[in-house]
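Enquirer: Sequence:
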Amino acid sequence: MFHILQTDVQALMIVVGIFGLMVGSFLNVVIHRLPIMLQREWVQQCAEISGQPIESTEVFNLSVPRSRCPHCGHLITALENIPVLSYLFLLGKCRGCHQKISLRYPFIELLTAILSIFVAWHFGFTWQLAGALIFTWALLAASVIDLDHFLLPDNITLPLLWLGLYCNLFHLYTDISSAVLGAMVGYLSLWSLYWFFKLLTGKEGMGYGDFKMTAMLGAWLGWQWLLQVILIASLLGSIVGVSLILLRIQNKDIPIPFGPYLAFAGWVSLLWGSSLKHILHAWT
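Once you know that position 248 of the sequence shown is 332 in our numbering, the rest is easy, because the numbers rise by one and skip nothing.
Keep in mind the hints are simulated off the structure, nothing from the lab. Note that the structure is a prediction, hence the values are computed from the model and not measured. The C-beta atom is built at its ideal place from N, Cα and C for all residues, glycine as well. Do not rely on the hints blindly, as some may be mistaken.
Here are the in silico distance ranges between beta carbons for each label pair [said to hold, decoys possible]: (1) V113 x T141: 37 to 45 Å; (2) T91 x V127: 51 to 59 Å; (3) G176 x S318: 33 to 41 Å; (4) V326 x F281: 36 to 44 Å; (5) I198 x S318: 22 to 30 Å; (6) L169 x L122: 25 to 33 Å; (7) P149 x F280: 27 to 35 Å; (8) S358 x I333: 30 to 38 Å; (9) V127 x T210: 41 to 49 Å; (10) G286 x G176: 41 to 49 Å; (11) T210 x F173: 33 to 41 Å; (12) C156 x S358: 50 to 58 Å.
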């Protein structure tokens, strides 16, 4: 089996794509539950600090309780939880109450599979593939959470930062010196911009989660790619933000999360960084 995956790229892409569908189903759980878990944790911490009694709540984590319909409470069975296929079989409706199931669930599953296939095609059957898949899945989950809640959880960005440094101990994506400097420069660059903007305008232009994500990207890519990542993220964010305002989809006073653009820029730089650098140099 391993020999086939090593020699047949198409077989590898198929296997990784199927596995990506299953991971996408799990990412849907992470995207929904992790912010709730963090909110409950913060409420408990505030109660402890203020000396208030801590209310006992049911166990709620990534595995408990079982997934259920938010409208009628119908428990999702294993057959109803097959990525994409269950959505199509159920015609996009809950089996219990026939309320519509959000299209986002199969979309996340398909997107995870597609991105995973790209990674498999680029790296082949290597250790780089294993690390890049985890990198891809974590960035996708963090991006959607940021879009939903303006939050980049430390539970995702910080473990991914350490994993990037560990991978680069073995020179998987860059050398360890570049990775360590990348983490430092990544954090300090946006931290400096944050304080410059705040001192100039009195407003906060971004959150601390963006600093940590940039540090994480630096740990994976190395400091040499950070300027490219920030330029791509800023350019893409500006284009999307202005377009949403012009189309009156977004109010200009409502902030736009920067995390998804950083994630996109970091992901494409990991796969096609050199090509993008040539394009940016041509523009400048």
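Enquirer: The hint says 30 to 38 Å between S358 and I333; measuring C-beta to C-beta, is that right?
Expert: holds, 35 Å
Enquirer: Should the hint that L169 and L122 are 25 to 33 Å apart at their CB atoms be regarded as holding?
Expert: holds, 31 Å
Enquirer: Given the hint of 33 to 41 Å, is the C-beta distance from G176 to S318 inside that range or not?
Expert: With a Cβ separation near 37 Å, G176 and S318 satisfy 33 to 41 Å, so the hint holds.
Enquirer: Measuring from beta carbon to beta carbon, are V127 and T210 in 41 to 49 Å?
Expert: Holds: the Cβ-Cβ distance is about 44 Å, inside 41 to 49 Å.
Enquirer: If I claimed the Cβ atoms of C156 and S358 lie 50 to 58 Å apart, would that claim hold in this structure?
Expert: holds, 52 Å
Enquirer: A range of 27 to 35 Å was offered for this pair. Does it hold for the Cβ distance of P149 and F280?
Expert: Given range 27 to 35 Å: violated, Cβ gap about 46 Å.
Enquirer: Check the following: the C-beta atoms of V326 and F281 are separated by a distance inside 36 to 44 Å.
Expert: violated, 18 Å
Enquirer: Starting from the range 22 to 30 Å, see whether the pair I198 and S318 falls in it by beta-carbon distance.
Expert: holds, 25 Å
Enquirer: Is the distance from the Cβ of V113 to the Cβ of T141 consistent with 37 to 45 Å?
Expert: violated, 18 Å
Enquirer: Using the Cβ atoms, figure out if T91 sits within 51 to 59 Å of V127.
Expert: Distance hint for T91, V127 holds at roughly 53 Å.
Enquirer: Assuming the hint says 41 to 49 Å, is it satisfied by the Cβ distance from G286 to G176 or not?
Expert: 47 Å Cβ-Cβ, so the 41 to 49 Å window holds.
Enquirer: For the hint 33 to 41 Å, verify it against the beta carbon of T210 and that of F173.
Expert: Roughly 36 Å apart at Cβ, these two residues keep to the hinted range, so it holds.
Taken one by one, the earlier hints fail for this structure at numbers 1, 4, 7, listed in ascending order.
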